[in-house]
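Take these sequences, add in the hints, and give me the full structure.
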Amino acid sequence: MHYHKPHTFEDALKIAANARGVTRFLAGGTDVLVQLRAGIVTPDDLIDLKLIPGVHDIARTADGGWTIGIAVSGAELGRHAALVAEWPGVVEGMNLVGSTQVQGRATLAGNLCNGSPAADSVPGLVAAGATVSVIGPNGTRKLAVEDIPASPGRTHLQAGEIVTAIHLPPRGAQGGDAYLRFIPRTEMDIAVVGCAISLTLDGDKIATARVALGAVAPKVLLVADAAAALIGTTLDDKALAALQAAATAAAQPITDRRGTVEFRKDVTAVLAARTARIAYARAKGAVK
Amino acid sequence: MVKVHLWSGLRRFTDGVEVVQVQADTVGQMLDGLVAAHPGLAPVIAAGVSVTIDGVLTASRFSAVTQANEIYLIQRIKGG
Amino acid sequence: MAKDEIKSEYRLIGTRPNRPDGLDKVTGRARYGADMTLPGMLFAAVVRSPHAHARILKIDASAALALDGVKAVVTRADFPTGLTGEDWNLQENSMAGDVALYDGHAVAAVAATSRLLAEDAAKLIKIDYEVLPHVIDVDDAIRPDAPVVRVGAADHTVPAGSPPNVVKCLDFGHGDIEAGFSAADLVREHTYKTEATHQGYIEPHACVAQLGADGKGEMWVCTQGQWYIRRMCAAVLGIDASGLRVTPSEIGGGFGGKTIIFMEPLALALSRKAGGRPVKLVMSRSDVLRATGPTASASMDVKLGMTKDGKLTAAKVNFRMQGGAFLGASPVGEALSCALACYDIPAVQHDGVEVLANRPKAAAYRAPGSPMAAFAVESLLDEMCHELGLDPLDVRLKNAVREGVKASYGPTYAKIGLVEVLEATKAHPNLLAPLGPNQGRGIASGFWFNHGGETSVSLAIGEDGTVTVSAGTPDIGGSRASLALMVAETLGIEYEAVRVNIVETGALGVNEPSHGSRATFATGKAAVEAARHAMAEMCRRAAKEWGIEEEAVVWKDGAAMPAGPNAGKFPPMSIAEIGAKMGGNGGPISGHHETNADGVGASFGAHVVDVEVDPETGRTTILRYLVVQDAGRAIHPAYVEGQYQGGAVQGIGWALNEEYVYGANGRLQNAVFLDYRIPVASDLPMIDTVIVEVPNPGHPYGVRGVGETGITPPLPAIANAVAMATGARIRSLPLSPPKVLAAIKAKGRG
Amino acid sequence: MSKIHVSAVVNGDPVDFLADPRESLLDCLRDQLGLTGSKEGCGTGDCGACSVTVDGVLVCSCLVLGVEAEGKAIGTVEGLSDGGTLHPLQRKFIEHAALQCGFCTPGILVAAKALLDQNASPTETEVRYWLAGNLCRCTGYDKIVRAVMDAASEMREAV
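Residue numbers (the working numbering), protein chains in the order written: chain A, 1 to 288; chain B, 1 to 80; chain C, 1 to 750; chain D, 1 to 159.
No lab work stands behind these hints, which were simulated from the structure alone. Backbone N, C-alpha and C fix where the C-beta goes; we use that ideal spot for every residue, glycine too. A few of these clues could be false.
Covered stretches of chain D (chain A as the covering partner; in silico rule of three or more C-beta atoms under 8 Å from a C-beta of chain A) [what the hints assert, rightly or not]:
1) 41-49
2) 61-67
3) 126-133
Take a look, some chain C residues computed to stay more than 10 Å from chain A by CB distance [what the hints assert, rightly or not]:
4) 308
5) 509
6) 572
Right, here's the structure in full:
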């Protein structure tokens, strides 16, 4: 295995272009090292992106959104008070990834590019309407986060493409988001079901909403029907029931060592309602 | 003579007798006496059994036994 | 010597000094299995079967051996043939013969000059398999048409015509069982299941082994018992036991799983084949989960008869257990023996079978068999209490065994402490805590025999009067401290003046491992005897110095002194003075004792747990937890509490989330800590403890042994609490959220 | 598979070692530098026995490559005590009997110190969640949590 530490994304691209075997990028490193140790993947070339200037930065954009560097760790994200105040759901999703120790290493970009349908940080990004910048052999492009995952362990990134930054839109007034997951223990588990909801209010009424589900399909789901069930309501019982029905209908889970189809569908409904209540309260400014 | 209580699964080797009397002054003599009187018990005793004297487990073949003692063979117990 | 009189107050026993090995263990200096390096050392990697059951057609190691730096490859062909019984089991479990019997079964091993090279070489060893049908579940394995795990494995207890995987049958009981059930007002019968769990010690198995062509070698290894390792490795490799010197490292947890060998013979065989160079072999976590020690899985029928006022009249249990592909590995005998041991029941019948399945060889795990049995019996007992409107703690007290009562497993109980435990439980404030919605309280009792075993201890007086104890039972949870306390108490010296070393196999006679809750009981008893032996010699030396009869000298407060007015007037001669003089008046002074320790006293416990169950997700939260257990005597109460708390939390894991999950292909699906879910700190509240002391007359300070009983009550206590919280009775473990939610929903439909 | 030269500072001391890029920082600490206090319990970041700090950040050293240590300051259990003086956490772990087998202890001490460095008065819940990635199979965590809380209390009084 060859280890590279480029200082620009362009250099990283060149290294990747010249690599002949299995190539992996290191943003945080938690997934790559686990796979290396378990003998699942031993890259021929490992390209460490953490030394590229700017990858550790969290920056306010001109439009009032945020750009998050690809090597920003979960712990760094959690310490950023302004970001936490605006996008608590995005941050709490990332902060649920692994232990305190893993938080020191794991990144949004890594969690996204690992391609796990159960990745805790991804539903929050999808609900937020986050996008990513990508650089590749054919230039740069921007993609919605929900367009990155393809299937377990696979993404829609093309060969040699690298995510260079993650962008959150402006939160705006009367917005709130939340992420909840279900795990058997209190910590250290992979999500059995995850649900993120971001919404904005017009007075008491929900003006816009995005609902994302994790771990109930081969990739993260953005559920338009679930969002539609919320928009125009004050999150009354009827709206919650419609949200639950839409979320459950969209879920296509499997039975595995972490849960059954029936259980995942049941919990999808439970989490959808609980997450919606938190996001709504946050949007009203009741809870941060 | 000492009286030895056998667990019920062993009684098929002793013509159904639950309490076997053997001549013995020690646990070792008692076990040998059991096998001599009832050869069907040999593989069981060879595989290992636990012996209690007055309710307390004993490990020594030299532990003394008398007719006043309550003596049981029980399943061999392995700890963790 | 006259029968010991057990006092209630001591100078040191019952205090909480710092453990002697504490400093090493908080600074990172303590050396565990993988921390040893030797000159010229090679590193090993093991090739394991990916199949649950497969004939090994061909092993081609030529590509591996062609790599520079690869020094040896071993397969079963490098081991002697003709072994029988448990020796064969151990050899077969260490490395597959013609057939791989479970996912993770070792098939070949390689030694090379670096760990990475060994791992690369292992990937180049090509093995051709013919996959065979497999069976995993205990109830599937017992079917007459089940895939046959091994032909001809059954022992003499199995009647002809039994299903092919049944390898052992047993039954025992007493009383008129039919009359007992007739006398009952309520008779209930249910079937219970528990999945296999792993001991889950955080330190993976590790050793550094060296073996020459002359059959002489040595090994550094994390183990609960260095002599067991020596005997087992010698048998598996066909060498003399005395040719192998085994030094125990510090040990990162065992819980029964490090009482036998797994990969140690492979390291020795590789060393022998590599010209005697030392070989380090460290298991990965997934190796540990796939190929070492799980406990058995169990399927259990229980039938109980009870009168309206809560008196048990009869009990019948029928247990089926699989302990992997190896005869004798399941603890079905222990499970049956413990099942009804807490209760005074006029008529009891126990039946059990052991079944083979395509799983790793089960190893002992903390009170082997007792937790599963308790889950079945204590669950049903609880259910019947509620059906009759009786208090479950009162019913347990009403039926509790006590001295003079005939035990369910046959003999009459000597001095035991269950009644005292239940009374202390009843008096505890946790029972008064109010319960909210979706909360429930569960109670259960538990029992373990405890164990004595082969024990040898030496003790030497230093020239300055300090004392060195050589013990053979590895210190897993503070036993150096408890041994030092007992020796210092006996000798009348300071705790700090006693150093306890855990020694290698050449330094003492055979010691059984630190298992069966025996280290403080048996090694402690032998250490006290060794101290008395040394005291007697020190009195002789003092008598010589004073020129009086040795009978005229007694030992008191750390010194020899004349006994009575006729012995003469001499100032006390301290242990330090005697140590300073011993070179000139007879040579070194040491005490020694060896025994197969008798006088073991059983330990009973009761646990009370409060839980809250999320009715929408089935997730259980432990709110409060109480352990009450009879220690006999707590030598170092902090480490007794630690045993209670640790046992309870292992039981909580077993009850809630731990289980072996196999795929349809027979492969273990959760061989990492991410998915083998042992409890984490945030899952738990503080674990409250009450140490009950009903001294064991068989130990000089009344010790019973405390390590194992604590894992027994949590399984049923939590199941009982969840049943109260949800109204749904679940008769299989673990109580994982999907199972609990399904039960809640089924109750709603019912 | 050529090895890479790495210069770093470990517990305040400059060190150099050659790392195969496939080796974890844990492998390098243990095998190259002889610092065997950090333990491997899982190799997948699930047990915390290998906890160290890298430039002050708590990580699992099994999830860091040795080659990534270039130019970094690494803190391990061996650096917790100041010469002959134990860190209050180390002392409290002994006094509270917060270890049985002791294998998880180095990782827990390093993790607990990282907590107290940023939060001088954690609640019991905060201690439990911070340490959720440090598995202990012996103690049931009770005495560990008490020892950490007591050490924090003593350190607050000493300030």
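Here is how each hint holds up against the structure:
1. 41-49: It holds, with 5 qualifying residues against the three required.
2. 61-67: Result for this restraint: holds, n = 5.
3. 126-133: holds (count 5)
4. 308: holds, 40 Å
5. 509: Given that every Cβ of chain A is farther than 10 Å from that of residue 509(C), nearest at about 42 Å, it holds.
6. 572: At about 57 Å from chain A, residue 572(C) clears the 10 Å cut-off, so the statement holds.
Of the numbered hints given earlier, the model fails none.
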